[in-house]
Amino acid sequence: MDNYKIVALTESDGLLKSAYKKKVSFVRTSKELNVDIFQQILAGIRENSSERFFIIPSSEYFNRFLLNNREAIEELGCRIPLVDRELYEVLSDKHSFGEHCQANGILIPPRLEWPESFERALVAKPIRYASLNQKIYSPIIIKSKEEYQRFRNEYPLSDFYGEEYLDGESYYLLYYFCASGEVYSFSQENLVQQPFGKSIVAARTSGLHREDISAAFQRMFCELGFRGLVMVEVRKTLEQYYMIEANPRLWGPSQLFVDAGCNFFEVFLVDNGLLEKEIVFEERKALYFWNGGIHQAWNTGEPLQFFTRGQELLFDQYDAWIRNDIYRREDTKALFLTGK
0 MDNYKIVALT ESDGLLKSAY KKKVSFVRTS KELNVDIFQQ ILAGIRENSS ERFFIIPSSE
60 YFNRFLLNNR EAIEELGCRI PLVDRELYEV LSDKHSFGEH CQANGILIPP RLEWPESFER
120 ALVAKPIRYA SLNQKIYSPI IIKSKEEYQR FRNEYPLSDF YGEEYLDGES YYLLYYFCAS
180 GEVYSFSQEN LVQQPFGKSI VAARTSGLHR EDISAAFQRM FCELGFRGLV MVEVRKTLEQ
240 YYMIEANPRL WGPSQLFVDA GCNFFEVFLV DNGLLEKEIV FEERKALYFW NGGIHQAWNT
300 GEPLQFFTRG QELLFDQYDA WIRNDIYRRE DTKALFLTGK
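So for the sequence shown, numbering that gives the first Met the number 0 puts the first residue at 0; every next one is plus one.
Any given hint might turn out to be false.
Below 20 Å or equal to it, Euclidean Cα-Cα: the simulated SDA-like pairs (lysine to any residue) are [what the hints assert, rightly or not]: (1) Lys-235 <-> Gln-254; (2) Lys-235 <-> Gly-206; (3) Lys-235 <-> Gln-310; (4) Lys-235 <-> Arg-308; (5) Lys-197 <-> Tyr-128; (6) Lys-30 <-> Leu-41; (7) Lys-284 <-> Glu-244; (8) Lys-284 <-> Tyr-317; (9) Lys-235 <-> Pro-109; (10) Lys-21 <-> Arg-45; (11) Lys-332 <-> Lys-142; (12) Lys-332 <-> Thr-28; (13) Lys-142 <-> Cys-177; (14) Lys-30 <-> Ala-129; (15) Lys-332 <-> Gly-251; (16) Lys-20 <-> Ser-57; (17) Lys-144 <-> Ser-116; (18) Lys-332 <-> Glu-10; (19) Lys-30 <-> Ile-135; (20) Lys-20 <-> Ile-55; (21) Lys-235 <-> Lys-144.
Source of the hints: derived by calculation from the structure; they are not laboratory data.
Work out the full structure: start from the sequences and follow the hints.
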């Protein structure tokens, strides 16, 4: 499939150092995004007035923009392959999805009232994607009394709720729900993550999607009438699985499922009529590694998060991991050499 166009974020976008530079049709000069700017982008890439575009839903910010302005964007000749805004927010907003999981018998971390002083490790999660004053917060992991006091001093408690922080094994359950009702699933075990719950830097394929916990999520999404891509993060603690969050969109370590022969991108294109191909999931073993993410973490001076045997597996078998670096490929080798 070659009939696509890419919009680069700015002149510093890593895409401009990759083999996909030739497909970049427009480079934004600002990270600001509104309907007028979006219309300018379309005018910059549209070859004729009748050309229509199928927009790939990517980041949470971009997807929320699309849903909040869906009517105006569709009038500009674009197709947005996302569920309606209400359902998207039920899944993506952490508080509402947790409540929905509880109602369906799926465990979530114990929720906590805000104590006056630090008692145990916890996670402060935003109730909604955007607060009442339109600020966007990420979850905040708090493991000391100093961090807790800083959180209480710097953030409005009314925009957050607390959950007990759970140690244990970390997994992503991956799904695509087709219009036909067919469901494709896969899973990965996360071994190393950047500080503060940021990006995964090392993961491997898993068989969790064949377990009962995966079937429970699948039933719930089907009952909701969900269609499209979704990733659910779960944590295994004391032989129990707990839902951490859901992302109804593309997710970071996607190269892992491609290398494993379970290409959700192809399912997405086939389901939306953009590709004709028989879909077969092979489920090969594969590794995902992003060495640049480790260097980013080291530059902050904060420790990496290791799950289960992550530290042992990474450093004892580093040669195997570096061979699987996300950028150590022909199309992105310039990024690999610059340590991205």
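Which of the numbered hints are not met once you compare them with the structure shown?
Numbers 1, 7, 11, 12, 13, 21 - these are the hints that the structure violates, sorted from lowest upward.
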